[in-house]
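Use the sequences and the hints to build the structure in full.
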Amino acid sequence: MKMNKSMNSFKNMFFLSGILSLCAMPIYAETLVSPSEFEALSTGKTLYFSKDGQHFGTEAFKSGRRSKWRANDGSCVNGTWFSKGTQICFKYDNRTDTQCWDFLKTDNGYGARAQGAAPTDILELYAIDKKPLLCVDPNLAV
2 MKMNKSMNSF
12 KNMFFLSGIL
22 SLCAMPIYAE
32 TLVSPSEFEA
42 LSTGKTLYFS
52 KDGQHFGTEA
62 FKSGRRSKWR
72 ANDGSCVNGT
82 WFSKGTQICF
92 KYDNRTDTQC
102 WDFLKTDNGY
112 GARAQGAAPT
122 DILELYAIDK
132 KPLLCVDPNL
142 AV
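Quick note, the numbering used here runs 1 ahead of the 1-based positions in the sequence shown.
Calculated from the structure, these hints are not laboratory results. C-beta: ideal position from N, C-alpha, C; glycine also. One or more hints might be untrue.
Stated by the list, open to error - Pair ranges (Cβ atoms, derived): (1) S35 with P120: 18 to 26 angstroms; (2) R67 with T121: 27 to 35 angstroms; (3) D74 with P120: 25 to 33 angstroms; (4) G54 with K106: 14 to 22 angstroms; (5) D138 with E31: 36 to 44 angstroms; (6) G65 with A119: 28 to 36 angstroms; (7) A128 with Q100: 17 to 25 angstroms; (8) D108 with N79: 32 to 40 angstroms; (9) A128 with E38: 14 to 22 angstroms; (10) D94 with F57: 18 to 26 angstroms; (11) A119 with D98: 15 to 23 angstroms; (12) S84 with G54: 27 to 35 angstroms; (13) D122 with K92: 15 to 23 angstroms; (14) D108 with R67: 24 to 32 angstroms.
Here you go:
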């Protein structure tokens with residue numbers, strides 16, 4: 002009988018420690034943005050993304066699901082996007098692979114997570130405007 006009580010106490014402590022560890026974890030609400038919602042949000046606009054508080058890149062979206070990505074060095078590459086299920090996938094002129102992302106509505110606004118990335122590895126959308134991208138040809142740099 003005494004063994005059962007100590008075993009029950011152990012089970013209760015184990016359960017309680019599991020509950021407490023879950024309470025210490027941050028909880029973020031996120032919902033997937035559908036491809037049609039993404040298209041309405043992005044077409045005719047320029048979206049600015051950051052990662053860990055640092056500017057990551059900028060993408061301008063045109064009609065016909067065309068886009069132009071501007072890297073931090075100022076160079077730009079044209080691309081197109083398409084939906085694959087709920088994901089937004091990009092095909093750029095300078096790459097042979099396709100990059101797919103989950104576009105999310107989060108507590109802080111919008112974000113994007115690359116296919117296969119950790120749940121917390123999210124690019125944050127920190128600004129949207131209608132300004133055209135200014136691109137630099139890296140081959141012309143002095």
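Here's how the hints hold up against the structure:
{"no.": "1", "hint": "S35 with P120: 18 to 26 angstroms", "in the structure": "holds, 20 angstroms"}
{"no.": "2", "hint": "R67 with T121: 27 to 35 angstroms", "in the structure": "holds, 31 angstroms"}
{"no.": "3", "hint": "D74 with P120: 25 to 33 angstroms", "in the structure": "holds, 30 angstroms"}
{"no.": "4", "hint": "G54 with K106: 14 to 22 angstroms", "in the structure": "holds, 20 angstroms"}
{"no.": "5", "hint": "D138 with E31: 36 to 44 angstroms", "in the structure": "holds, 38 angstroms"}
{"no.": "6", "hint": "G65 with A119: 28 to 36 angstroms", "in the structure": "holds, 33 angstroms"}
{"no.": "7", "hint": "A128 with Q100: 17 to 25 angstroms", "in the structure": "holds, 21 angstroms"}
{"no.": "8", "hint": "D108 with N79: 32 to 40 angstroms", "in the structure": "holds, 33 angstroms"}
{"no.": "9", "hint": "A128 with E38: 14 to 22 angstroms", "in the structure": "holds, 18 angstroms"}
{"no.": "10", "hint": "D94 with F57: 18 to 26 angstroms", "in the structure": "holds, 20 angstroms"}
{"no.": "11", "hint": "A119 with D98: 15 to 23 angstroms", "in the structure": "holds, 20 angstroms"}
{"no.": "12", "hint": "S84 with G54: 27 to 35 angstroms", "in the structure": "holds, 30 angstroms"}
{"no.": "13", "hint": "D122 with K92: 15 to 23 angstroms", "in the structure": "holds, 22 angstroms"}
{"no.": "14", "hint": "D108 with R67: 24 to 32 angstroms", "in the structure": "holds, 31 angstroms"}
When the structure is compared with the earlier hints, no violation turns up for any of them.
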